[in-house]
Amino acid sequence: MNRNNRLSRPTPIRRKPLLAAATAVSIGLALSGCGSAAPSAQSSGPVGGAITYSFWGSPPRADKVNKVIGLYQQQETQAKVTAEVADYNSYIERLTVRAAGGQLPCVIGTQTTFYSTYANKNVLLPLDDLIKSGQIQTSNIPQAVLDAGKIGGKQYMIPTGTFVRLVAYNADMVKAAGVPAPTDHMTWEDYATWLKDLQAKLPAGVNATEIEGPNMFSFTSWVIGHGQQMFKDGKLGFNKDLMQQWFQYWIDLTKAGVTVPTASIPDQNGALELTPLATGKAAAGTRDIPQFSVTQKALQGANKPSTIGHVSVPTENAQQSANVLGENGLSIPANCNNVSTAASFVNFFANNPDASVAFQSDNGILTNTQAQQALQGDKATPEAVKQNVTILQGLTKGNDLTTTSYPDGLQSLTTEFSRQYQAAAFGQVSASQAVDQFFSKAATVNLK
Amino acid sequence: MTATITPPREKRPTEKTRRRRYRPDEPTPPARFLRQLLLIAIAVVMFYPLAWMVGASFRPDSQISDPGILPSNFTLNGYETGFQGVSGVSFWQFILNSFLVASLCVVANLIACSLTAYAFARINFRLKKLWFAIMIGTLLLPHHVILIPQYLLFRDLHWINTYLPFVIPKLLGTDAFFVFLLVQFFRAIPRDLDEAARLDGCGHLRIFFKIMLPLAKPALATTAIFTFIYSWNDFFTPLIYLSDPHLYTLPLALRAFIDTTSGSAFGALFAMSVVSLLPVLGVFIAFQKLLVEGVATTGMKG
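Going down the list, the protein sequences come from chains A and B. Each residue of the first sequence is one higher than the last, beginning at 1 in my numbering. Each residue of the second sequence is one higher than the last, beginning at 1 in my numbering.
Just so you know, these hints were derived from the structure itself, not from any lab. Incorrect hints may have been included.
Unchecked claim - FRET-style restraints, in silico, Cβ to Cβ:
1) A:G48 / B:L171: 33 to 43 Å
2) A:A384 / B:L100: 35 to 45 Å
3) A:P353 / B:D156: 36 to 46 Å
Stated by the list, open to error - A few chain B residues facing chain A, derived, Cβ under 8 Å:
4) R23
5) P60
6) Q63
7) S65
8) F83
9) V86
10) G88
11) S90
12) L147
13) Y151
14) H158
15) I160
16) I240
17) S243
18) T260
19) G263
What the hints assert, rightly or not - Below, a sample of chain A positions facing chain B; criterion: calculated Cβ distance under 10 Å:
20) S58
21) V65
22) Q74
23) E76
24) A83
25) V85
26) N269
27) L274
28) D288
C-beta: ideal position from N, C-alpha, C; glycine also.
Isolated chain A (complex conformation):
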């Protein structure tokens, strides 16, 4: 799966076009008058005809999607599905402009971090009627997971893949340093102490951790672990002190030489294989579960210590998990003119065991419990994928997961968060000033 969240890798410079486009979409949506919630085509017609499925990812994912499409077309011989792939950032840019033009493909990949932007503007079709009629079956998707695809009580996204962010660490490096492995449910202070102990015994040129300071997804864990909320009643749900403490926590660790240098933040925002953790320059960081294997593979390729271990994200209250859950899924835009075929494809993708085996949980750990079993029972499924499913099942069983809301203006806040952290970390402003500026920006953003 992918690391899927824009929260976790904010790259302000590269996202200028995205931001501009995102701003423009609001104007465009208003101008075009698109986004009527009423479906533009009968949803009960026969399955057939051409639709396009647009999603984000790299060529390996595109190959897997094409396999799923092949299976679907064998089953629905009158239907033709065209796959349209782009990398995550490009995908969002394209989605934004097309939404403004009412030209979205009939099935689109969505994510909890951004789908509300479209759902709130009536760009997406509520899927409740399709679920009620049985065209899309959701009985094997846990209710809590399914609820992540709802806004205002309406189902806009069928979650197909789950991602959970955990602390990932290089177990071989930690072992070689003679430091005990980290444990679940540490406090943030415990975690800092562990990192400092580790740093003292690591070889020169290796830092104990990447910098989580600019990462709003990690900050979400910090906020929840401190008993506050990210968003509440259309506003920020945490106070300034908590954010300032977060900035200071990471700035202090950087000053102590425990983190990679602040100048390495762009490396953290780039391709997974080039991050400090994946290149052996850092021994710990945070990753979504499915990204462990990518990190491990990169380290193996470079002949570096490569076993990646994981523990829950630190929290101040052992009863309150800070492992934030997110979902990737499929949505049908309101402008779709072939809803019955789109619904049929979404249903196939989310429920068909053969499709699940072919897709190999490539964009999040499968949400469908039957599909999970099919995947784990298949000999061709890579061991890493099976492990990911097991990790998620363990977290679910131990009730060690938490959720958060993802409001409309999240994208711009994520960028601003990273920008302000970097300004503070480079000493351009104090942590307190950076927090003030972030709150000022947040006051101008729609957080409903």
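Starting from the structure of chain A, add chain B where the hints point.
Same frame as chain A, now just chain B:
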């Protein structure tokens, strides 16, 4: 008898002594050596990314972050994977698509920009200066301001998922930069030439085709080359208007090799980057003389 006095003949400077004389503004050999050393160092720095990219295209994915130029483990995997393409479409298809789009854009720009430029340079019409200022003003418009309205327009014309949004606007002379470049060039051509042609009975079209265009070859070459390069490298327009992978151009295909949310195929990315660079390099090498001449004679140099 008269004695003749012959003035002492000046000793002719030999090659050696001649070389030792330097004008005050001429650098001495050590200075010249240092200057050349500095230029070579700058050239090496400039060339390094390109050389690194070529080296990286022969490197396995796991060693892609190696800063060295020569790969320690040579592999052609990047090229093999790259040519397989994306989403079931061969990379050759993307190359062909890019050629088609870039060529059509070049032709469209040459026709439209030269005609528009001739009008601004040679024809007097009402509010000419205002129209020229408006045209130059379009250069200042941020792309994202017109993105949505343009998309809506092309959607209503049913041009989405075709190459028409790339080419048709160019036929309307909308590339203000090239219009300006050609206007500058046309203005530098003596008016006597077209006045003489007019006396010989030529109208605007014949003057344009018989007099102006042949003389404007360097500027036209500059327009053609830059248009080709811009179209070849354009990422955003294809991203917005093309949805069928069979129609994708090279930049879209290249970008599809990387994704910050999952694994990336760096070897394939760099291998195909090298491949996609070759046509641009070829075009530049073939026309560089005209390009330099065009830039030098249109007042566009910095």
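### Hint check, failures only
4, 8, 11, 14, 22, 23
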